[in-house]
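Protein chains: 2
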Amino acid sequence: MSQVYDRVALIGLGLIASSMFWAMKRAGLAGEVTGYARSAETRDTAREIGLCDRVCDSMAEAVKDADLVVLCVPVGAMGAVAAEIAPALKPGATISDVGSVKAEVIAAVAPHLPENVHFVPAHPLAGTEHSGPRSGFAELFDERWTLIVPMENSDRGAVGRVNALWQGMGAFTEEMDAEHHDLVLAVTSHAPHLIAYTMVGVADDLRRVTDTEVIKYSAAGFRDFTRIAASDPTMWRDVFLNNKDATLEILGRFTEELFALQRAIRTGDGDHLHAYFTRTRAVRRGIIEAGQDTDAPDFGRAKKG
Amino acid sequence: MSQVYDRVALIGLGLIASSMFWAMKRAGLAGEVTGYARSAETRDTAREIGLCDRVCDSMAEAVKDADLVVLCVPVGAMGAVAAEIAPALKPGATISDVGSVKAEVIAAVAPHLPENVHFVPAHPLAGTEHSGPRSGFAELFDERWTLIVPMENSDRGAVGRVNALWQGMGAFTEEMDAEHHDLVLAVTSHAPHLIAYTMVGVADDLRRVTDTEVIKYSAAGFRDFTRIAASDPTMWRDVFLNNKDATLEILGRFTEELFALQRAIRTGDGDHLHAYFTRTRAVRRGIIEAGQDTDAPDFGRAKKG
Chain R
302 MSQVYDRVAL IGLGLIASSM FWAMKRAGLA GEVTGYARSA ETRDTAREIG LCDRVCDSMA
362 EAVKDADLVV LCVPVGAMGA VAAEIAPALK PGATISDVGS VKAEVIAAVA PHLPENVHFV
422 PAHPLAGTEH SGPRSGFAEL FDERWTLIVP MENSDRGAVG RVNALWQGMG AFTEEMDAEH
482 HDLVLAVTSH APHLIAYTMV GVADDLRRVT DTEVIKYSAA GFRDFTRIAA SDPTMWRDVF
542 LNNKDATLEI LGRFTEELFA LQRAIRTGDG DHLHAYFTRT RAVRRGIIEA GQDTDAPDFG
602 RAKKG
Chain U
302 MSQVYDRVAL IGLGLIASSM FWAMKRAGLA GEVTGYARSA ETRDTAREIG LCDRVCDSMA
362 EAVKDADLVV LCVPVGAMGA VAAEIAPALK PGATISDVGS VKAEVIAAVA PHLPENVHFV
422 PAHPLAGTEH SGPRSGFAEL FDERWTLIVP MENSDRGAVG RVNALWQGMG AFTEEMDAEH
482 HDLVLAVTSH APHLIAYTMV GVADDLRRVT DTEVIKYSAA GFRDFTRIAA SDPTMWRDVF
542 LNNKDATLEI LGRFTEELFA LQRAIRTGDG DHLHAYFTRT RAVRRGIIEA GQDTDAPDFG
602 RAKKG
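So the protein sequences, as listed, match chains R and U.
So for the first sequence, the numbering used here puts the first residue at 302; every next one is plus one.
So for the second sequence, the numbering used here puts the first residue at 302; every next one is plus one.
For the record, the hints were derived by calculation from the structure and aren't laboratory data.
Note that this is a predicted model, so its numbers are computed, not measured.
A few of these clues could be false.
It does not matter which identical chain is used: a pair holds within one copy or between any two.
Cut-off 25 Å, straight-line C-alpha distance, at most; resulting in silico cross-link-like pairs (SDA-like, lysine to any residue) [said to hold, decoys possible]: (1) Lys517 to Met477; (2) Lys545 to Pro415; (3) Lys517 to His431; (4) Lys545 to Thr579; (5) Lys391 to Leu549; (6) Lys517 to Glu440; (7) Lys545 to Glu558.
The task is simple: from the sequences and hints, build the whole structure.
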């Protein structure tokens with residue numbers, strides 16, 4: 302893999318930025334990588350563990366002369382960061398981000414950017430329940446999708462280099478428009494996350510079922526829910542507030558269906574339940590046949606690590 | 302491991318029964334194991350793959366002289382099976398089951414059993430999304446919990462042998478009363494399953510998001526949901542119909558909380574969201590600290606098998 306950018310700046314040094322640094326280094330994709338984080342403690346940690354070639358004490362210093370600047374901050378902070386770095390950007394530079402929401406991020410960031418830079422939003426569909434500068438690792442993006450969400454007038458050369466960077470970090474890539482991205486993510490990620498957060502909160506509330514029992518006997522499903530619900534609170538707060546419409550639409554459909562199933566349970570309508578469960582089973586079969594997941598029976602049997 | 306029973310009869314030859322057979326054989330826990338399934342096709346498959354030492358064409362033949370009879374049929378079929386086998390049971394035999402619901406199963410089965418047999422309900426908290434006689438394997442119960450749910454007047458010797466059998470098949474065991482069992486399972490398994498079924502159904506319904514996209518981009522959460530939602534429709538229909546009260550209670554609490562979070566999204570109440578997500582993250586930390594799961598960051602990064 303050859304170098305894609307001479308200078309890359311990472312703004313925000315959490316799970317995604319730190320994984321990007323290690324993945325870029327693994328493949329030699331960038332000359333120098335600078336980094337900035339708002340908290341002095343994070344910057345100290347980054348220096349301690351060798352995260353970034355140079356950790357800077359200001360955003361302006363980090364983005365100076367950078368050919369690519371990647372905004373790796375919570376979605377709700379993107380606009381303010383864009384406003385702050387705008388005057389320091391190198392003409393011709395590419396600005397990208399890794400936010401889980403695209404339409405609102407574009408609306409918040411684009412107005413601040415000067416006309417002589419290229420804005421190419423992106424979203425790596427990868428993560429863990431951990432966060433912070435120590436949580437990154439080079440393999441995070443391997444064989445995972447990164448969605449590139451170019452603006453209508455995005456320079457195709459700039460888009461191509463962002464694409465090459467992500468592929469170089471191990472990801473599969475695909476282009477998608479912002480509205481469609483936000484709807485797909487509401488279904489596949491945002492609504493499921495909110496549902497998992499909710500179920501874990503309910504279990505925690507139930508004093509009649511001790512937490513120990515809930516954990517001990519959570520063979521199927523619930524333990525995965527707790528893992529999802531351990532994700533970064535600030536990041537997810539911002540995701541929901543910024544992908545409000547699509548998330549609420551999906552949750553509305555979800556509660557509608559859930560009520561129909563609850564009603565079937567209450568009235569003893571076994572046929573309704575059976576038909577519904579047969580249909581969802583077919584969805585899973587479709588996934589296996591499409592080669593998108595394995596048929597190995599590992600559900601509910603994961604050994605303790 | 303030494304033999305616990307001379308003769309064991311398995312009624313119903315699906316995932317659990319077939320796994321029990323292989324696990325009993327692995328450890329030499331039973332002399333002869335007989336099996337019966339309602340469908341001739343299942344019995345033929347069992348004979349073909351060597352599932353059970355002897356596959357019988359009637360329940361009466363299968364349970365004749367058995368020291369332990371295990372009902373491995375859907376929860377809704379337990380009562381009818383108990384009525385049919387009752388006249389053929391050996392005096393002093395132990396009857397057990399593997400149903401995911403206990404109070405309703407006990408209410409359906411106990412009245413049919415003669416006074417000279419011991420009824421010791423049980424529930425192995427293990428499974429996969431696969432079903433049928435070919436889906437079993439000896440390791441299914443290894444290091445998983447099996448809950449033993451004795452009746453108030455259960456013979457302690459009979460309970461001890463059921464316990465020894467499950468431990469011999471690799472399981473951890475614990476005793477619990479039926480009502481508490483049904484509430485714990487409603488929280489840890491039944492409500493999460495219904496929620497996963499619902500979310501997968503909603504995704505399938507949304508024509509604007511093609512199925513391929515839903516699958517391809519389901520990095521986090523949703524793919525696990527599809528796995529859960531592929532479980533046996535008949536088994537799960539019966540679980541919900543027979544653990545109706547506890548499941549509806551938990552779902553009621555769940556929708557209440559979900560509405561509060563939806564409202565926070567709609568009104569832009571970031572503090573409410575952040576506080577909720579911080580609390581659920583603490584639940585996950587409690588699990589790690591209790592040693593009940595690993596801290597390894599594998600969420601969302603599973604490789605294709």
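Against the structure, the hints:
| no. | hint | result |
| --- | --- | --- |
| 1 | Lys517 to Met477 | between (42 Å within a copy, 13 Å between copies) |
| 2 | Lys545 to Pro415 | neither (28 Å within a copy, 60 Å between copies) |
| 3 | Lys517 to His431 | both (22 Å within a copy, 23 Å between copies) |
| 4 | Lys545 to Thr579 | between (31 Å within a copy, 20 Å between copies) |
| 5 | Lys391 to Leu549 | neither (39 Å within a copy, 59 Å between copies) |
| 6 | Lys517 to Glu440 | between (31 Å within a copy, 19 Å between copies) |
| 7 | Lys545 to Glu558 | both (20 Å within a copy, 17 Å between copies) |
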